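Participant: Starting from the known structure of chain P, arrange chain B on it as the hints suggest.
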Amino acid sequence: MGSYLGQRIAVLVPVVLLVFSAVFAILHVLPGDPVQLMLAGAEAGVTTPERIAQLRKSMGLDLPLHVQYGRFIADALRGDLGESIRFQAPVNDLVATAARQTLELSLAGMVAALAIGIPLGILAGLHENGWVDSLCMLVALLGVSMPLFWLGLLLILFVSIHLQWLPAISGDQLRGIILPAFTLGFVSAGIISRLMRASLIDALRNDYVRTAMAKGLPRSVVATKHALRNALIPVITIAGLQFGGMLSGAVITETVFSRPGLGSLIVKAILWHDYPLIQGAVLLTSVSYVVVNLGIDVLYAWVDPRIRYA
Amino acid sequence: MVTHAPARPALRIAGARRRAGVMWRTFGRHRGAVGGTIVLLLWIGIAVFAPHLAPYDPLSLSGVGRQPPSAPHPMGTDLLGRDILSRVMFGARISLAIGLISVAIGGVSGSAMGVVAGYHGGRIDGVLMRIVDAMLAFPGLLLALMVIAALGPGLTNVMLAVGVSSIPLYARLVRGLCLGIRQIEYVQAAHAIGGSDARIMLRHVTPNILGPVVVLSTLQVGSAILVGSALSYLGMGAQPPTPEWGLMTSEGQAYLAGEWWISTFPGFAILSAVLAINLMGDGLRAALDPRSTYR
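Chains P and B, in that order, give the protein sequences. Just so we're aligned, residue 811 is where the first sequence starts under my numbering, counting upward by one. Just so we're aligned, residue 144 is where the second sequence starts under my numbering, counting upward by one.
Source of the hints: derived by calculation from the structure; they are not laboratory data. Don't take each hint at face value.
[Claimed, not checked] Here chain P is said to cover these stretches of chain B; the calculated rule only asks that three of the stretch's residues, wherever they fall, bring their Cβ under 8 Å from a Cβ of chain P: (1) 216-222; (2) 253-263; (3) 282-289; (4) 396-406; (5) 409-416.
All values derive from a computational prediction rather than experimental measurement. Ideal placement from N, C-alpha and C gives every residue a C-beta, glycine not left out.
With the rest of the complex left out, here is chain P (with noise of 0.2 Å):
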């Protein structure tokens, strides 16, 4: 177990250093002056040579390239990532309080992906074949087609517009963060349902599937207490890496139901031209995704040893 983590961990270091690279490519391979466009974006004012030379001088970009490359990684592994225009504040303070909302809402998607999928993927395939089968994966195949952006809308339309169920804008407590969780977890929704049921399906053509119905047990013990214990191992993992994923569908969620978080902070950013902050936000969110995949990786290595040696 121990080579193995050691192994996982020594490729992934040559991966982080290509993000860093990618990341701090964006400010320097940009067409024109990017401090111009900074100023222009993020401060929104009248840009005097004094102030471009004084956020050139402040940011480090008048030494050359490789210096502000070799202090920009040495920064980011201190765990500082500077400060954003926008905001005066430190990029880290910033990001922290971002990522903490990013992570609830990721976790409530989740939860809002398996309540949905697994009893969908569990009913398509106990049937497999019929018609409930086709209308369960029909709406999987909803989910994986479907604009996460209008899916939000529709939701605020009827459930908090009409129906008055539940509040549009979330705010602290948790019934705000409802429709946001379903919006996000319906996509990752369809895929699990759609493994679940190829999953359950196989594990009822087994030989000991047979023997207890064999035995005279009725379908639906079979069903849940043989084969849905081990079809339940591959959508486990596959819902481990939907959770990284998550991160993505958030920068729309949490834009559309005007949430606070890391996707809707990378946008803002982005449109208001505030690098630091972009190169920041961007790094979090792929190193975290990075590591949630090697831990749910290893998890699985260390739950099925067959993985290891393979």
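Facilitator: Okay, now just chain B, sitting in the frame of chain P:
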């Protein structure tokens, strides 16, 4: 040898015909796939003939603003008084173009990377796959957002952004397929009798990877339309007054309570087009799967 020569092409054609027949029947048996194809063809027709089909000019004011759906304006009018039906019809051109062009960008460059990595292996493979891993470290939309952050908003950059973000998918798929094909005996035999790399790739490798790549590309067109419209919704793609579906959805967002039609119809257009493509892709997957033996 000479006497057998005419028989071989004929046999091959018969075999190919039989195979094509099996594919058609497998595809036709999927009712969803047939339905999806019909809807997609409809959208393509609308996109091609938009100037003849649309009742109004998509950019000019054709009535009072925020009018509900009625006979002269079946989908109502938007904030400024432009006909939404006409704008949705012209929007099909933009969304289908985003889908096709970005898939071409991602498919060609990703597949090229995959073939080089999978066929040559060794150090080239290692370097290319680390680059792919780094690209995969940015969850989906984030990679596209990075490209937009570097290049600025706009439709052309959206196509590039969506294309670039699909490169890792193709590179991984094609690399995996090539690794498998290299081991197949007839490819090794072709090497042994002195076939050139180019000839082997063209005659033996390409036909084997074409099916999965076609299936992935079909499904990718759908997801490219989704990502492209999402970028426009976020304000990073098409700019007003372009009749782009995602942008139109966001324009109506503030008026959702009173004027629901402004956002609803463009969003439904996205859903129907992407659903049609996904249904067709599922059918294609079944039809191109060499294990499908339905006759």
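Participant: None of the hints should be skipped; say for each whether it holds.
Facilitator: We went through each hint and held it up to the structure:
no.: 1; hint: 216-222; in the structure: violated (count 0)
no.: 2; hint: 253-263; in the structure: violated (count 0)
no.: 3; hint: 282-289; in the structure: holds (count 6)
no.: 4; hint: 396-406; in the structure: holds (count 5)
no.: 5; hint: 409-416; in the structure: holds (count 4)
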